[in-house]
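Student: Okay, here's what each chain looks like letter by letter:
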Amino acid sequence: MKNRKLLALFALLGALSLVAAACGSDDDGGGATSASGGGGASGAADCSDEFGCVEIAAGDPIQLASLLSITGDTASLGTDSNHGVELAIDYLDDAFDGTPGQLLGHDVTLQQEDDGCSAEGGQAGATALAANPDIVAVIGTSCSSAALGVADTILGDKGVLLFSPSNTNPGLTSEEAHQPFYARTAHNDKIQGAIVADFVFNKLKIDSAATINDESPYADGLAQAFRDNFEALGGTITDTEQVNSSDTDLGPVFTNIASTNPGVVYGPNFNPVCALSYSQGSDILAKGTVQIGSDGCLESSFLDTVGDPIADYDYYASSPDVTAYQGGDFYKNEYLPAYTDQFGKPTSVFNAHAYDATNVLFDAIESVAVDDGSGNLTISRTALRDAVFATSGYQGLTGTITCTPLGDCATDVTIGVFQYNNWPVEGGVDPTDPVFSETKTLADVI
Amino acid sequence: MGVPTRSIVRAGLIGGVAAIFIALVGLYTKFATLELVGEQITLGRLMIVAPALVAAYAVTRPRIVAGERRVVSLRDGLIAGALTGLGTGIVFAAGTWFADLFGVDRIREVFISVTDELIAFLTFDKGIPGGLVILIVICIVGGVVGGFVRTAPEPIRKPAAVGVLAVLLFGLLQRIVPIALVELGYDADWLYRAGSGLTVLGGVVVFAVAAIADILWNRGGRRLKDRVRQTTETAPAARLGLFLVLVAILAILPLLLGSVISETLGQVMIYVLLGLGLNIVVGYAGLLDLGYVAFFAFGAYTTGLLTGAFLNTTTGAAQPALSADLNFYVAVWIVALLAAGLGLLIGAPVLRLRGDYLAIVTLGLGEIVSVITASKWAQPLIGGPQGMRGVTKAEIFGLNPQDNPQHFYYLALAFVLLAAFVSWRLSTSRIGRAWTAMREDEQVADATGISTTKFKLLAFAMGGAIGSLGGALFAVSIGSLTPASFEITVSITALAVVILGGLGSIPGVVVGALVLIGLPGLLREFEDYRPLIYGGALVAIMILRPQGLIPNVRRTRELAEEEVAQDAWAGGGPSGEGEAVAAVVPGGSLGGEREDLE
Amino acid sequence: MATVTGQRAPGSQLGLLERLPWRKIILVVLSALILLVVVVGSYKTLTLPADERYTATTWKNFVTLGLAQGAIIALIALGYTLVYGILRMINFAHGEVFMFGAYTSFFFSDAWEQSGFLDSNPWLSMALLIVIAMIASMIVALLLERIAYRPLRNAPRLVPLITAIGASLFLSNTARGFFGAQSRGYGVPDVLSGSWTILGVEVNRIQLVVLITVIVAVVALSLFVSRTTTGKSMRAVAADSEIASLMGIKVDRVIVITFAIGGLLAGIAAVLFSITFESVSFSMGFRPGIAAFTAAVLGGIGSIYGAALGGVLLGLLQSVGPALVLTGYGIPSSFQLKDAFTFLVLVLVLIFRPGGLLGSGEAEKV
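Chains as they are written, first to last, in the numbering used here: chain A, 555 to 1000; chain B, 54 to 651; chain C, 50 to 415.
These aren't lab readings, by the way, just hints derived from the structure by calculation. It is possible that some hints are incorrect.
[Unchecked claim] Capping the alpha-carbon separation at 27 Å, the derived lysine-lysine pairs in DSS-like fashion look like this:
| # | chain 1 | residue 1 | chain 2 | residue 2 |
| --- | --- | --- | --- | --- |
| 1 | A | 757 | A | 841 |
| 2 | B | 179 | B | 83 |
| 3 | C | 93 | B | 429 |
| 4 | A | 841 | C | 109 |
| 5 | A | 841 | A | 759 |
| 6 | C | 109 | C | 93 |
| 7 | C | 73 | B | 507 |
| 8 | C | 299 | C | 281 |
| 9 | B | 83 | A | 899 |
Produce the complete structure using the sequences and hints provided.
Tutor: Put into structure tokens, the structure is as follows:
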């Protein structure tokens, strides 16, 4: 009896599902829509499209939001970016005085949400923000896993611009995956991988390398970018390894790497895997083997774990070249002191990218917001997006910003390679200049 | 009757140590400025009072004196509370004073949360010694309140406690409730301060409403509940009616609560589904499965593969080595079927294992799946560390579950109801009875002709199928799959949901999921401390109420008897069968050989 | 309709599995497949073209790494197996007992490294660090027993398991709150870096120290359990606690001692681990905990030498396993699969010996 009932139930469900399949659509979503050129703020704003407009009454603030990693192990990254945004808001009155300025006669507020550095976190945060129709745009996310297919889609479906100061995963701005309302001022990791490959092949003159990455999308993507570009230069990849972020025993995997005799081991991971790679790897690798990490490694915790550089074994880490922006007077004499004054020493370099993103956004808002004369603003979401994507030749802290249709705004990227322990972070020994620095554009890389 | 002095001293000590613990772990520093009500009542300040309060509450509990249960009188309760508070305060103050004396900077080399700000906070910015005195006084007050809450006359204390808890809850939910209200079109300004906690008015209102609701419940509500239970137990039609009412309420929920809360509820529903599946394996069949994430991951990735998701690569996207582009509502049944097969595959080698051996093997199998999802080896199929993207939106009848949290909730609810129905029918069926028999004594069950092999496999298959549905839903809800979502924490959380709710109890699974997933989902400020609170709560609940929040009546009875059976299993029971060989040759076992352990 | 004997409606495949020979056949086939994979893989690895093959030194490195890590895991596994023998309970939080020992010793190690004491008196420092770690671990173990486990002495199996998991979460995050989320570098005294050449074979000093320490500990424990009165009480309680208490043995005290010993061993393992891998962190107990638990089961839970054997075997599986078996197949990044490989072997072992390697042996259903 019971069996028959269950069988009937399943049959019914089967039938239902066939009906559902017939009725439901099978749309996957995604695929970039081509944007029509954005106009200026003349005349009335066009609110008739699917995304509509944001209305800001006179006296009400312009509401910005941030979706960054503010809790957990990556909290230093997100908090740092938030500070960049806050400084941009501060500078609206042309002075870093701790009092925020105004944009078009309105205050600017920042609602801070957590991206959890994961897909679930990105979804939760993006949903919370998408539910608020007053949010003009979102600065975020910190971690690529929170954006890719998650936050960029959720916010994009509501026409809310998501502008990232630190996502570097190449997939986010790829032809197939790019979401129309997503852009970033952080570099595309294809560039970082290419520059490091250049460093190894042309500067260090080493033609064999092995890579080791942890299971984060960031590390995997960057290692892949390195491999592609290194092989294109003529180098040989002797071994490709992967470990878990929580592994402490890297002995066997490094023994395996050592058996293939690479000249360089590239490990663009997070700590503590980076630090352990250096300290344990140098016990195993042949003398003189160079190890290289990336901006995920370039942290004071690495210095704390490893201590002094290990004799006969060099370690380098690549990162956006802070000294390049330090070359600029504004950054060195006004921005950085203001940051240190208000928040202490920066815990990451990406605050500058956040600052730039916010300012690009402000410029775009200024150009498309329509004032009805009595201080009420109307901002068309599509127009805002178009204005951001039309940014060209903007001189930011991090370099010249020109946005491509696929959302990469950091088109001229300068990556520096820093030797351990002359690292530009807390605990680093002077001089903290990079031993190698190069600028590339997306067109130059694989 | 007074409270014994020894208990007071001990409670005071423990309270003080707890307070110091809270300080060292960083909770004060983190939440000192989280305003709950108005500007003055912050979570940090509440946490200063809390240890004394809780200690006093515990110390004034009714005791058994000479076989008689004696309640503590109000007067004694207040005195005991005050004294406990004093004890707590003294220890707390001593710790703070010591930290200041020894040098905050030196202590911070070990305990990173001990900062000048912490000391300032704990001394209410009045410094040593004035601030310490205030601290002790506050603790005494807390103790008094704690004693009051325990010993006050019934009509007052319960509504007051409920009211305070409600205020606490609404204060903590300060990010969620205003959004929900605004989404429904209400103005929340009178209730919540912008970007902050409750207004004073709001706090009073919440307290009053909650307290009155509690009074009404005590008056008439309970009778109503009994009447309902009576009617449903006698008339099946009434039970069906009640069930439909519940479903209707569940269905309206997302419309009432807005999209943000619906999103959290959707995640809760996924874990309810996981819990229901695991409940079959652990609760009904008594098989300890610590690797449930295997089915979850399998369901998610297979759904992705069958519905045309693609792999993330550095150059954009790639087609998986095997893929199909089916409609979700067709694919999901294939997934469930395949998962059932996986369940059979996983079950086969573990059939003969008992108890903890089964646990470790299932844990291992879960880890194998977890490792494979991230591996480069499987990357051409499921994307490796970068994962997959573009899982179908599962659109149907105009609903879009991937983009709209409220629609997703409905989809999830449908699956949950299905799984709950299947679960319920299984439990009352012949199969369920076979499982019960197996659970209670496998050897006897086998002897009476029940094929334990078959039923164990069935449990794994059904549990696997339902678990994979949870994975499928998860894939649809997020649309993007990365290995980070498929780690052992999923297995542990699912198990905690089942056990917390009550083994073998379907409503228990719902409650367990609400508590373990819903609350943290809404209280994201606590994200950093979630595992700490989780772990502590699990320990506390297991010690205080091991049968779970909504226990299954039969299981509770069984749990009492199981300890006897377990001794037999362990080789030391009255039957004497499988008696452990205590021969200890050096190198022999400590615990003896167990013949019946298999 | 299904009958008492469980026959189902026609068309169901499950009935076939009931017949014992079928089940055995399937399991034998499964095991044979796994063995085949292992053997073929090994063969392919060993017959790779000369320039791709591992050298003898590399093999030696794999083996010594595996032995060293396995030895440390064995020490932790002993803690699991002791508690299990007495209480039939998996102490999931034992990894955290281990972690607190490591972290506590870290603070001293750090201070001594800065003051130079670590390098001027390496053996003394090591001994002191081990003692400190032993004490810290012991305290945590005793607290655990008293607060989380004793109230649940008579609860059914699942309840203490969940409590242990909760305690594990609680303890590791307590350490996180206390000491911070970042991992810290653990100092290695100069005298221990590098290698010694013994019998013509170059062995890492740390690895040798680890092996010797663990062997001593295991033998000491075994002697303790078999020769001393307390040890005999422990065995008695493990065999049958009711009768033991009737004989006048204070069961509570024995349990406390068992936890204490487990803690002491974990403390030793903690220092060895930290020096070998040169770091400590709040989450360092989780993976080794699972590994140790697996090792104890692999060797036969409840058995001291079983835990030791299981630990060493596990270490070897994680190190030599992927190298030997998976390299031959050309699987990319095969070392990432080491956990998968290890658990597969565990399943294999338990299919044939459900009680573990040194466990109860053939366990037929009665």
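Student: Hey, residue 179(B) versus residue 83(B), does the alpha-carbon distance stay inside 27 Å?
Tutor: Holds - the C-alpha atoms of residue 83(B) and residue 179(B) are around 20 Å apart, at most 27 Å.
Student: Quickly compare the C-alpha distance for residue 299(C) and residue 281(C) to 27 Å and report which way the hint goes.
Tutor: Distance ~12 Å between residue 299(C) and residue 281(C) Cα, so the pair holds.
Student: Run the distance test for residue 841(A) versus residue 759(A): straight-line Cα separation, threshold 27 Å.
Tutor: holds, 16 Å
Student: So if I understand the rule, the pair passes when the alpha-carbon distance is 27 Å or less; does residue 841(A) with residue 109(C) pass?
Tutor: holds, 19 Å
Student: Are residue 73(C) and residue 507(B) close enough, with their CA atoms no more than 27 Å apart?
Tutor: holds, 14 Å
Student: Please verify whether residue 757(A) and residue 841(A) have alpha carbons no more than 27 Å apart.
Tutor: Roughly 19 Å between the alpha carbons, so the hint for residue 757(A) and residue 841(A) holds.
Student: Just to be careful, I want the Cα atoms of residue 83(B) and residue 899(A) compared with a cutoff of 27 Å; is the pair within it?
Tutor: Status holds; Cα separation ~20 Å.
Student: Is residue 93(C) within 27 Å of residue 429(B), Cα to Cα?
Tutor: holds, 20 Å
Student: Does residue 93(C) sit within 27 Å of residue 109(C), going by the straight-line distance between their CA atoms?
Tutor: Roughly 19 Å between the alpha carbons, so the hint for residue 109(C) and residue 93(C) holds.
Consistency note: the structure conflicts with none of the earlier hints.
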